[in-house]
Each structure stands twice: as C-alpha cells, then as structure tokens.
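Trainee: Protein sequences, first through last, are from chains A and B.
The working numbering puts the first residue of the first sequence at 15, with every later residue one more than the last.
The working numbering puts the first residue of the second sequence at 12, with every later residue one more than the last.
Just so you know, nobody snuck in bad clues.
Straight-line C-alpha distance at most 30 Å; calculated DSS-like pairs for lysine-lysine:
| # | chain 1 | residue 1 | chain 2 | residue 2 |
| --- | --- | --- | --- | --- |
| 1 | A | 198 | B | 184 |
| 2 | A | 267 | B | 184 |
| 3 | A | 89 | A | 18 |
| 4 | B | 117 | B | 28 |
| 5 | A | 138 | B | 184 |
Partial pick of chain A residues on the chain B-facing surface, computed with a CB cut under 7 Å:
| # | residue |
| --- | --- |
| 6 | 149 |
| 7 | 150 |
| 8 | 257 |
Rather than coming from a laboratory, the hints here were simulated on the basis of the structure.
Please read all numbers here as calculations on a predicted model, not as lab measurements.
Even glycine gets a Cβ: it sits at the ideal position worked out from N, Cα and C.
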Amino acid sequence: MREKRTPRTSSRLEKILAEGHLAVTSECGPPRGSDGAVLEKKGAMLKGYIDVVNVTDNQTSMTRLCSLAASIRLKQAGLEPVLQMVTRDRNRIALQSDILGAASFDINNILCLTGDHQSFGDCKTGQNVHDIDSMQLLQMVRQMRDEGLFIGGDAISRPPEMFIGAAANPFADPFEIRVPRLAKKIAAGAEFIQTQCIYNMEKFEAWMQGVRDRGLHEETYILAGVTPFKTAGMAKYMRSRVPGIDVPDELVKRMSDTPKEKQAEEGITICLETIERLKEIEGVCGFHIMAIEWEEKVPEIVQRAGLYPRPDLEAPGQEPAKVATS
Amino acid sequence: MIVGQQKPLEEIWEMVKDRKRLLVLGCNTCVAICHEGGNKEAGIIASLLRMKAQKEGVSIKITEGGIERQCEEEFFAPAQTDIDEADAVLSTACGIGVQFIAAFWKDKPVFPALNTTFLGGVEQIGVFSERCQACGSCVLGRTGGICPISRCAKRVLNGPCGGSVDGRCEINKEIPCAWQLIVDRLKELGQMDRYEELSPLQDWSKDRAGGPRTLKREDL
Ligand code: SF4
Ligand code: SF4
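Let the hints inform the model, and build the full structure from the sequences given.
Mentor: Right under this line is the structure:
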C-alpha cells in the first residue's frame, strides 16, 4: 500500500486516495435532452461500485445537458460527482461563476480540460472561446480555493473547496514532452490525473517510468484510464478515427478474430487484463473506467477486477475528522 | 499581408444585379499577391459579370479600374473619375479597403467582392497560410517564434492539447499542430527547458475583445 497523505478537501476521492486505496472512478455522459431521470438511472447503476463519477462537459462538442446541472442531480441521487469543465465554451467570468455555482452545492471535485474542437460536434459553425487553457484553469481554481481570490484579485466569500484534477494523454505527440507536460500540470495545480484510455501498455509503461524518474507520481495521484471495447468495429474506429488514442493492431486483431456474439465478452476480458497489468505499475493510484454508453458493465468490471467492495469512509475509525454531525 | 478569397460569382451577382453603372475596383497591394483582388483580378471579375449580365438579359454598364491601395485616402485620386461615373462600386480589396472606399464616397454603395480570410504569408507558390491574429500582445518571444494564437485551433498557450498526433492538429491532418512546431523549434534552439514555463493568462483587452483598436502617432 502507498504511503498515506493528508487530504486538503472533503472530497471523497481525495480521502480514498490519501488513505492509500486504489480509487475507482467512472463517467456519466449527460443526455441530449432535459430528462434528468436518465442521469439518475445511470447513477443508480454505478452507485456503490465507484468512488466518484465524472460528469462530462459536452463531450466531443455535441450539445448536451450541462455538466453542472447533471453533477447536481447526481449528487442529489447520492453519488459524488467530478465536475468536468472545458475551456472551449466559457470565458473566465463564466468559468469562475460556474465553479462557485458548483461549490454552492458542495461539489468537491473538478476536472479541468480544454475540450475537443467544436468541429467534431453538432455546432461546427460555432465560435470557440478559449479565453484560458486547461493549465490556466487549474491555476485559476487553485487560486480561488487556496487564496480565496477571484482572477481579478477580489476576495471570494466562502471559496470553493474542490479537489482539482486534470487529464493526461501519454499517447499524444510529441512523446518527449508528455512527462514535462504532466510536470507542468502539477505545477499549475493538478492534484489528481485521469489518463486517456490505455491500450498500448508499452508506451504507458515508458511514460510512467519517466513520471517516476522525476518523482511526479508522489506529487499527484494518477488514475489509469480504461475503456472496454464493445465490438471489433469500435476497436477499429478508436484506432483510426479518435485523435490521441493508441490502439495496437494486435488488440484490433484479437477483437476481429472473435466471433461477433463473443466480442463484448472479449472486450471485457481485455479490459480486465489491462487493469491487472496496471495494478503492477508503481505510481498508478486507481482506475478511471470509461464504459462509453455501456455503464451497466462497470459493476461487473469492478467486481471481476477485485476492486469491490469500495472503501467505506463512513465506517467508524476510517473517516478522517471534520465531517458534519448534523 | 492580408489574404482574401473571391466570393462565389453568384453571391457577387446577387449584390450588384440591380445597379446600372458598376465599377469593379481592384486593390493592387496585399490581395494582389494572392491573385484574388489585384487590378488584374478586378478586370477578370468585371468580364465575368458582363457575361453573366448578358446571359441574364440584364442591362448594367460594368467598368473596371484599380488603385495601389484602398486602405489609404492618399491613393484614391486616380479612381476619382471612374467612381464619379459609377452608381456603385464592387471593391476587390480586403474588408478594410471596402470600408475606406465607402467612407470616402459617401453617396455610393460599395460591395465586397472578397471574403477577407486571414493575415498570412506565402508559404510556397500558390499556398498562403495564416500566421497572426493581431492579438495585440505578441507571445512569439516565448514560443520559439511560432504563433499559438493563430496556428493552434484552440489557441492554447500551454499546449499541445491531447489531440496532437504525428505533428498534425486534431481538427485536420492537413494542418500542422502549432505546438509540435513550437516543441521542435525550442529543441532546435536548445531551449526545451522553457517548455515548462507556464504561460500566464493572456491579456485579451488588446485583442478584438477589447473593442476597436487605434494607433496614434503624434510624430506623423
Ligand atoms: S502572438 Fe498575437 S501578435 Fe504575435 S503573431 Fe500571434 S496573434 Fe500575432
Ligand atoms: S492539435 Fe495542436 S494545433 Fe491542434 S488544437 Fe491541439 S494543440 Fe492546437
């Protein structure tokens, strides 16, 4: 087990990581409509099997119900959300304002992202904002939390108390700056990292080696991203169509060589094998399981990966002090 | 220089078809370099419009003319007679030229023949590409002389984003990733240690966001 660290916020994710447990996170994409019940249904599927759930922010630039409202709904349904925020659609006023909105509902986790380009989505002719970038968003949230100050320098009454995360893609180019880039995100304020989904294990291991060489794994918590293939078609699509995802040919072949009706099972098997290998890598503090439109499989993956039951922070003796008694 | 691209002839036609005497006025500086709006191209557009008018059976007198620069009044004199004789001007200048012509000849409608596309340079013969968005607070000194504001699709100041693959931008394999170029260049300069310097928030008040910009030189 890793050495314990002291949590700085009341985030459940931070507490679990600080205690030295392997954390399990997943994600929930809000619907393309206003039916909040969809979120409650997805949330109910995940509840108890994961520690926190990421709520995506108009992912791939498709317009959806907003991540802030979806986070609030999931919180009200008893899950702990990680509010994802991209810098594509909001300027610094809107970002700070939404962070305060989230903090007013005691949303304790945020993931700072740049966001996919709008040309991938349903508003290709729209403007993008990019007033600040994801590194600057990290710095901004840190300043709001740690100094209690807006970007403009004024004091915030009741500053947000958020555990602050960022994404890292060990597979994007140029490879030689992938570790320096992580160092830069940590310097900007990233306390936890969720990686892009991992299929190319050699490349990931090389990256983690570089991360450990600089001691970065002790300055942040790294959660390894995994996504099970549902079909061989999906593996092919991810290999050739999704920028920044690296799927080795042998995995595509393994999926294609499997009869259609067994492909889903094979996808889960590959995912479980990946998790087993990742557990062996020093510096991996948990898993971010992104089962795209396949949330119902998350409980099975968590159980079969030996990650169930999840740590019970409410249990006596396990809870760090300072939790409300009312 | 400013790069522009001719609008489709149909779109131009819709703007000008109800005029009686139209002058197509070229601008022989920036937009002549990309062969879209120089005096020669103004002549070609005028011919195409005459053919179009004939085909549609519409009677318009279409003439052509041109000056060196439409963004500065000092260059307007040679166009005076041509413009006096016309009841409207189709300008093949960039948006700046169109506006200066319109401001000078207050009684004449002026139409744009081009879409003004970007500030760029000649990459190779026939290829023009964007290099600057006139952000008003240049960061080139920090980025190895490569502009992340005009050349990165998300204008990230601490790039690259996660979509950079094989040196190409996530939006299109034809477009080089600005941050790959920056990293390559910093490497060439032996300045890779600078990569980890965090770029502070950009001051966009000097950019479009701050409202129309003016430069006043008391010495001129
Ligand atoms: S940083 Fe600004 S001024 Fe400098 S080249 Fe880029 S857009 Fe132009
Ligand atoms: S791939 Fe490169 S150029 Fe394209 S948006 Fe990302 S950082 Fe910018």
